[in-house]
Amino acid sequence: MSAVYLYGITDRPAPVSDGLRAVELDSLAAVYAPAASGEQAATEEALWAHEAVVERLLEAGPVLPARFRTLLDDPAQLEDELGRRKQEFRTALDFVRDRVELGVRAAWPERRPAARSDESGSAYLARKLSERQAAALAAGELHEPLASIAVSSAIEIEHAPCLALVGSYLVERDEVDAFRAEAERLAEEIQDVHLACTGPWPPYTFTGSSVTA
Amino acid sequence: MTSTQLEATDNVALVELVDRLLAKGVVVYGDVTIAVADIDLIQVGLRALLSSVETLEREP
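Protein sequence lines correspond, in order, to chains A and B.
The first sequence begins at 0 in numbering that gives the first Met the number 0 and counts up one residue at a time.
The second sequence begins at 0 in numbering that gives the first Met the number 0 and counts up one residue at a time.
No wet-lab data here; the hints were simulated from the structure.
Take the hints with a grain of salt, since some may be wrong.
[Claimed, not checked] Computed beta-carbon distance windows for the label pairs:
#, chain 1, residue 1, chain 2, residue 2, range
1, B, Ala-22, A, Asp-117, 30 to 36 Å
2, B, Ala-22, A, Ser-121, 20 to 26 Å
3, B, Ala-22, A, Asp-93, 31 to 37 Å
4, A, Ala-122, B, Ala-22, 16 to 22 Å
5, B, Ala-22, A, Ala-159, 30 to 36 Å
[Stated by the list, open to error] Partial list, computed: chain A residues near chain B (C-beta under 10 Å):
#, residue
6, Gly-7
7, Arg-66
8, Arg-68
Quick reminder that beta carbons are idealized off the backbone N, C-alpha and C, glycines included.
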């Protein structure tokens, strides 16, 4: 059975080429490609292929990337969705205009949680406190300077196998170099941290109504 | 860049990609089919994350 594979929402007219098509409504476009329905393995190759299409859209203008393997029955169904959510998409698209996402993955290999076998109530509380302090440290030392350059950000703190921060930062295109330079400076300055900065990515993390400026 | 460092960078990029494409992005409710059958990739992602942390650990 045939289906349509959604790549993302863009401004109208959609920057389509190379087999891509678009449904357009008001000032919005939904860019898709005809596809076979059914499951497709999420292989590394398939993920990078999806990413390459979205990056091409991003070169032309703002894009709200669709989640991998978003399939709809036909273009009419896509048009319905576009119509139903056009205000949400319009607001989100304007929010990410001229902005890109940068990924930061930081790990403090020395900071590992203590052994947890036969943990008593007080040991549990002590561990929770120590995890909270570790999170505050990561946020304070690393996240805050980066967040001050970014327009919006979303972070998660992990405690095992070691303290780690996984962050996404929405950055003005012309601030990308400044952000990277700050990340490098922090990697040098903060003791025991190992840090990788990836991107620029399309704004996968900043597509929704939950995003706050 | 040494091959080990290059591999670590590739691993981190893959993990970052998996995180974004499978867990983020616009969700359109229609007849949506997201392939979750491929457990292997998620495990690859986890392994890559762990190995990237370990590889980063070994760097001076």
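Status of each hint after checking the structure:
1. One distance hint, 30 to 36 Å for the beta-carbon pair B/Ala-22 and A/Asp-117, holds here, with the actual separation near 35 Å.
2. The given range of 20 to 26 Å is broken by B/Ala-22 and A/Ser-121, whose C-beta atoms sit roughly 36 Å from each other.
3. Range check, B/Ala-22 to A/Asp-93: Cβ separation about 24 Å, and the 31 to 37 Å hint is violated.
4. Roughly 33 Å separates the CB atoms of A/Ala-122 and B/Ala-22, a value that falls outside the hinted 16 to 22 Å.
5. Take B/Ala-22 and A/Ala-159: their Cβ atoms lie about 19 Å apart, and the range 30 to 36 Å is violated.
6. Against a cut-off of 10 Å between C-beta atoms, the interface hint on A/Gly-7 holds, since the closest Cβ of chain B lies about 7 Å away.
7. Checking A/Arg-66 against chain B by beta carbon gives a least distance of about 4 Å; that is within 10 Å, so the hint holds.
8. Interface restraint check: A/Arg-68 against chain B, minimum CB-CB distance 5 Å, threshold 10 Å, status holds.
Figure legend: structure checked against the earlier numbered hints; hints not met, in rising order: 2, 3, 4 and 5.
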